[in-house]
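Taken in order, these protein sequences are the chains called G and W. Take 1 as the starting number for the first sequence in this note's numbering and just add one per residue. Take 1 as the starting number for the second sequence in this note's numbering and just add one per residue.
Please note that the accuracy of each hint is not assured.
One copy or two, it doesn't matter: identical chains are merged, so the pair holds either way.
Claimed, not checked - Calculated pairs, DMTMM-like style, for lysine to aspartate or glutamate (alpha carbon to alpha carbon, straight line, at most 20 Å):
(1) Lys-427 / Asp-313
(2) Lys-389 / Asp-60
(3) Lys-187 / Asp-286
(4) Lys-389 / Glu-260
(5) Lys-427 / Glu-16
(6) Lys-370 / Glu-260
(7) Lys-161 / Glu-341
(8) Lys-162 / Asp-235
(9) Lys-181 / Glu-57
(10) Lys-390 / Asp-334
Calculated directly from the structure, the hints in this document are not laboratory data. Fair warning: this is a prediction, and the values are worked out from it, not measured in the lab.
Number of protein chains: 2
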Amino acid sequence: MIDPRTLSGFRDYLPEAMIPRERLIATAQRVYRSFGFSPIDTPALEYLEILTGKGSEETDRQMYHFADQGGRMVGMRFDLTVPLARFVAQHASELGLPFKRYHIATVWRGERAQRGRYREFMQCDFDTIGTKHVAADIETALVIHELLSAIGKSFGGESGKKLGFSIRVNNRMVLSGLLAKLGLAEKSVPILRSLDKLGKIGREKVAEEMAAAAGTTAEQSNQVLSLAELSGTNDEVLLQVEKLVAGNLTGEEGVHRLREILAGATAGGVPADALQVDVSSARGLDYYTGAVFETFLTDLPTIGSICSGGRYDNLASLFTKQELPGIGASLGLDRLLAALEELGLIENVRTPAPVLVVYFDKDQLPAYLKIAQAVRAAGIGAELFPEPKKIGQQLQYADRRGFRIALIAGERELAAGTCQVKDLASKTSAEVPLAVIPAAIAKILAG
Amino acid sequence: MIDPRTLSGFRDYLPEAMIPRERLIATAQRVYRSFGFSPIDTPALEYLEILTGKGSEETDRQMYHFADQGGRMVGMRFDLTVPLARFVAQHASELGLPFKRYHIATVWRGERAQRGRYREFMQCDFDTIGTKHVAADIETALVIHELLSAIGKSFGGESGKKLGFSIRVNNRMVLSGLLAKLGLAEKSVPILRSLDKLGKIGREKVAEEMAAAAGTTAEQSNQVLSLAELSGTNDEVLLQVEKLVAGNLTGEEGVHRLREILAGATAGGVPADALQVDVSSARGLDYYTGAVFETFLTDLPTIGSICSGGRYDNLASLFTKQELPGIGASLGLDRLLAALEELGLIENVRTPAPVLVVYFDKDQLPAYLKIAQAVRAAGIGAELFPEPKKIGQQLQYADRRGFRIALIAGERELAAGTCQVKDLASKTSAEVPLAVIPAAIAKILAG
C-alpha cells in the first residue's frame with residue numbers, strides 16, 4: 001500500500017477551493033477578452049537555456065530542471081514573462097504588432113516551502129507589446145479597474161459586501177528624472193535599495209544609508225526623500241513632483257504621462273478616487289521603465305498588492321534584435337483568493353449545481369432522470385443522487401455540499417404529477433407541479 | 001542571442017488555436033457543472049512512487065521524472081486517473097461518497113514525437129466515485145451526449161453545420177459472461193488481444209490466433225466471434241446477445257444493464273438513435289469491468305473515439321483498503337479540436353473582441369476611450385488600437401485578426417456626436433449617433 005500524499009509545497013484543490021478559483025479565472029478571462037487581449041499558452045517545459053537566459057541567481061536556484069529522455073537540459077517555467085519573450089520573438093511575423101495577450105497558467109518554483117508560499121501556483125498576466133504610446137498605459141489602468149470591479153461583483157454580489165480597492169500609479173521616469181537632475185543617474189540601484197526601506201527604518205536612517213551606499217550629499221538625500229514622501233490629492237502630488245523634477249525632460253515627461261493616465265482613466269469610466277498617484281513606492285522600479293501599477297484592497301491592505309505591473313522598454317532582447325516595448329500587469333490569483341476568503345466573500349460550496357434531485361423510490365429512476373433533465377434544460381444545474389439511499393442520507397449529502405434546493409418525489413407525488421421543492425436554507429418545502437419546477441427553483445435562487 | 005524555440009513534441013498556442021481551445025474547455029466545464037460534477041486540481045508533480053505505482057512499463061518509460069532540489073524523486077503526471085486515485089484515497093473523509101469530479105489539466109508523456117502526438121496535452125475527465133448503481137452509468141451517457149451537443153452548438157451554430165456523433169455503448173460483463181459460459185474465463189487477456197484484430201485480419205485469422213494463444217476450440221472461437229460480429233438495431237443486438245450468454249448470470253446482468261442504460265438515456269432526453277449498442281469493440285475492455293463508452297463523429301469516424309470511458313471496480317487499491325467503484329469518461333480535447341478544424345467548424349479568428357475602435361485623430365484619445373467603454377458596457381468586447389497610426393494600417397490589423405466591426409470617428413464625426421460603424425465583412429459603413437453604437441453593433445453581429 002502506497003501512502004497517498006502530495007509533495008511539500010504542493011497542494012490539491014478540493015471542490016470548495018476550486019469552485020471560486022475557476023470563477024476567478026473565468027472573470028479574468030472575460031475582462032481581458034473584452035479589451036481585446038487574446039489568450040495564448042506556452043509549454044510548461046522549455047529548453048533550460050531559454051529559462052536561465054535572463055534569470056537571477058535566485059530564479060536559477062529555484063527552477064525545476066533536469067535532463068529529459070533525449071538528454072536535453074530542460075526546465076519548468078517559473079514565470080510567464082520569459083516564455084512570453086521567447087514566444088513573441090519566435091512568432092513575431094505571424095503575430096504582428098501591436099500584440100495583446102493574456103496568459104493564465106501554472107508556474108513552478110522550488111523555493112523553501114512556507115505558510116502561504118507554494119512551489120506551484122498560477123499566474124494571470126496581460127500585456128500589450130509593440131507600442132510605447134500612453135494609450136496602452138491608460139488601458140492597463142482600465143483593465144485593472146474593470147478586473148477588480150468584476151471580481152467584486154462575482155464574489156461580493158450576493159452578500160451585499162463590496163470589494164474596495166485602490167490602484168496606485170507611479171512612473172519610473174519621475175525618479176529617474178530627479179536622480180539625473182541631481183547628478184545621481186548612475187547611482188539609482190543603491191538609492192532605490194535604500195529608499196525601499198523608508199517605511200521600515202525611517203527618513204534619517206535611509207539618508208545615512210544612501211550617503212554610505214551611493215555617496216549622496218545631505219541635500220541630494222533630502223530631495224530624493226522629499227519625492228518619496230509626497231502626499232495629498234493627485235493634483236497636489238503632481239504639482240509638487242513637477243517642481244522637484246523641473247528642468248529635467250525625463251522627469252517632466254513622467255509627470256505628463258501620469259496626468260495623461262489620470263485623464264484617460266476618467267474618460268474610460270474609472271471613478272476619480274480609484275487611481276492614486278503614489279511616488280513613494282520603489283517596488284519593481286528597477287525592472288520597469290515607465291508607468292508602474294499596484295493594487296491594494298481597502299479592507300486588507302497588509303496582504304500586499306494583488307495586481308501589479310508596469311511598462312518596460314524591451315521585452316525580448318535575449319531572443320531578438322527587434323525592439324519590443326510593452327506594458328502589462330499580473331493578477332495575483334492565489335493571494336486574491338486568500339484575501340477573498342479572509343474577507344468572508346467566498347461561500348463554502350462544494351457543488352457547482354444548486355439542485356439535488358433525491359433518488360427516493362428505487363423504481364422511479366426514469367421519472368427522476370426526466371425531472372433533472374427538465375431543470376438542466378432551464379439552465380439550472382441539477383445533480384441526481386446516483387443511488388436509492390435513505391432520504392436522510394441524501395439530505396445530509398446535500399447539506400454537506402451546499403446544495404440550495406432538493407427535489408423530492410415519491411410514488412404519490414409522481415402519480416399526481418408533482419414534486420416537493422425543498423429550500424435547504426429555510427427548510428421549507430412546497431409541492432409543485434412538475435412543469436413549473438424550474439420556475440419555483442428560479443424563485444428560490446433569486447432570493 | 002538565444003535561439004527562440006520550443007522543445008520537440010511541445011507547442012505554443014497562438015490566439016487562433018487558443019480561442020477555440022478555451023471555448024471548448026468552457027463548454028465542457030459548463031456541461032460537467034450542470035450535472036453536479038465539481039472541479040478539482042492536483043499538482044503537476046507527484047512523488048515518483050505515486051505515479052509508478054500502477055504504471056505499465058510504457059508509462060514508466062514515458063514519464064518525465066527527476067530528483068528535485070530536496071533530493072526527492074518526483075515525476076510529472078502522465079494522466080489524471082492516477083492523481084484521482086491518490087486524491088480520493090487521501091481526502092476520502094473530507095470528500096464523502098459518492099464523489100463526482102471533473103478535472104481539466106495538462107499531462108506530460110515523453111513519447112516519441114510524431115505528427116499529431118504531443119508530449120504535452122490536456123485531459124478533460126469526469127468521474128463518479130463510490131457507487132455501482134446503473135444511475136451513474138446512465139448519467140455518463142447523458143453527460144457525453146450533452147457534451148457533444150453543446151460543443152456542436154458552440155462551434156457549428158454560426159455556420160449552420162451540424163456536428164453529428166454517435167455514442168457506442170458496451171458492457172464488459174457481456175463478454176466476461178460468455179467467456180465464463182465457455183469455460184474461458186481465465187483466458188480473457190489473450191482472447192481480447194486476438195479479438196481486437198478482427199477489423200484488420202478477419203475472422204479466420206483471429207480464430208487461428210485464439211486457438212494458438214488461448215487454446216480455444218473451433219466452437220469456442222465461433223461463439224466469441226459471433227458475439228463480436230453482432231449487428232442490427234439495439235433491440236436486435238441485445239436479443240442475440242441474450243441468447244449467446246443465456247444461463248450465465250454475469251452475462252445476463254450485462255445485458256440487463258445495457259437495457260437500463262438505453263431506457264435511462266431516453267428518459268434523460270437522449271434521442272433513441274444517439275446511443276448504439278456495440279459489442280464488437282474490445283477496446284479498453286481489459287481495464288474496464290462494466291459499461292464502456294466510445295464516441296465517434298459521423299463525418300470523421302476515422303479520427304477515432306473523441307470521448308471514451310467506462311466503469312471500474314476499484315479506483316485506488318494501491319492507496320487505500322476502501323473499495324472505490326466508479327465510472328467516468330474523458331473528452332479528447334486535442335483530437336476533437338483537430339476534428340473541428342478538419343470539418344471547417346473553427347473560424348480563423350485571432351481576437352476575442354469583435355470590435356476595433358480606430359485611433360484616428362491623435363488628439364481625440366479621451367473620445368475613443370469613451371466609445372470603447374460604452375461598447376464594453378453593453379457586453380460587447382472592444383479593443384482600442386493603442387496608438388494613432390494610419391487608418392489603412394489599423395484596418396489591415398483588424399482584417400488580419402478577424403475583427404468584425406471597426407468604429408471610426410474623426411473630428412467631424414465627434415463634433416457631430418456620431419461615429420462610422422464599418423462592417424468589415426460586407427465593407428459597408430454607416431454613420432451612427434454615439435448613443436446607439438452598441439445597438440448598431442449588435443445588429444451586425446446578429447447577422
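Tested hints:
| no. | hint | in the structure |
| --- | --- | --- |
| 1 | Lys-427 / Asp-313 | neither (61 Å within a copy, 37 Å between copies) |
| 2 | Lys-389 / Asp-60 | neither (55 Å within a copy, 41 Å between copies) |
| 3 | Lys-187 / Asp-286 | within (12 Å within a copy, 70 Å between copies) |
| 4 | Lys-389 / Glu-260 | between (65 Å within a copy, 19 Å between copies) |
| 5 | Lys-427 / Glu-16 | neither (23 Å within a copy, 49 Å between copies) |
| 6 | Lys-370 / Glu-260 | between (59 Å within a copy, 15 Å between copies) |
| 7 | Lys-161 / Glu-341 | within (13 Å within a copy, 45 Å between copies) |
| 8 | Lys-162 / Asp-235 | neither (27 Å within a copy, 59 Å between copies) |
| 9 | Lys-181 / Glu-57 | neither (33 Å within a copy, 68 Å between copies) |
| 10 | Lys-390 / Asp-334 | neither (39 Å within a copy, 42 Å between copies) |
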